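Start from the sequences, fold in the hints, and give me the full structure.
At position 14 of the sequence shown the residue is numbered 14 (UniProt numbering), and the sequence of numbers has no breaks.
You can take every hint at face value.
So the derived label-pair ranges between C-beta atoms look like this:
| hint | residue 1 | residue 2 | range |
| --- | --- | --- | --- |
| 1 | 132 | 245 | 37 to 47 Å |
| 2 | 221 | 25 | 22 to 32 Å |
| 3 | 82 | 24 | 32 to 42 Å |
| 4 | 118 | 220 | 19 to 29 Å |
| 5 | 60 | 168 | 43 to 53 Å |
| 6 | 239 | 267 | 16 to 26 Å |
| 7 | 245 | 221 | 19 to 29 Å |
| 8 | 172 | 137 | 47 to 57 Å |
| 9 | 79 | 257 | 35 to 45 Å |
| 10 | 124 | 63 | 12 to 22 Å |
It is worth saying that the hints were derived from the structure and are not from the lab. Treat the numbers as computed from the prediction; the structure is a model and nothing was measured. The beta-carbon is built from N, C-alpha and C at its ideal position, and this holds for glycine as well.
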Amino acid sequence: MIPIYQCEDLYLYEIVEDFKWAESEEERSDIFSAFCASIWSCANKRRTWTRTIRYRVNRAAADSELGRIFAGWTRVEYPACKSTTKEENWRPILRQKINNLYTRYFDPEIILDKAYLDLLKTPKRLYYEWTAGAEMDPADVETQIRRAMEEAGTVKEALQRGKMALPWNDYKRLIETFLYRCLQNCKLADQYEGKACVLCRVDFLTEDHFYVKYMSRCLDGELRKWQKQYYGVPKSSRKGYKRCAVCGAMIEKGGNRKTLCGACRANNDLLRYRRYNEKRTTNRKAEF
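Below you can see the structure in the form of structure tokens.
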């Protein structure tokens, strides 16, 4: 069903004003449905691809032992996702923000952590250090590369465990609840005292960009609150938060000895109890 309200040719500030000035809940619902439909139909879809860290071994060095080692690592691939847009319209900018949040919190295949990517770049970094004149031992280079790739795998697994599970269609519905709160809670730009000063404090010049920045910050905040709800931790904590050492779930800090979430701690206690019983049974049999 096509929404009665059409917003394809409207500025974002016009949609916000129409939503705020709507005379009925039904009218607000039509405006909001059209607003969401416009975002989801935007051409700035979430796209993933394989990115490659590459370099070329110099022909003069290709026949050396080090050259052959580096030649085996001239292409290191990893999954990537489009994270920026050159568009200036509010639709692709907001859609890009929504896409990026899904990548950060939910997609286990896309890991953009700097430490992880630096480990993947180890062969390339060592190669250029070697060509710049650094003395290197072939066995040591092989060891460094192997350890870096093993560590990259460990880091990736840890970061994957720290991501939440939510299918894209469910994520879209979740985002829509956040967007509705954004529209409900935001003030019109001219309601701020010293409107010109407010617009100057942000890095944009128009009311549309003012609202885009506001909504982007709201989405960040709402998703962080939802994340705490997902893991069942307090909404606010003076102690702060950290990750379970086993499953990667978010837990409230409780001193250096608290490293596991409730479920993993229960599993760990059960395993210890079973090992204790097995040991007692073995000792009793030995007595007879």
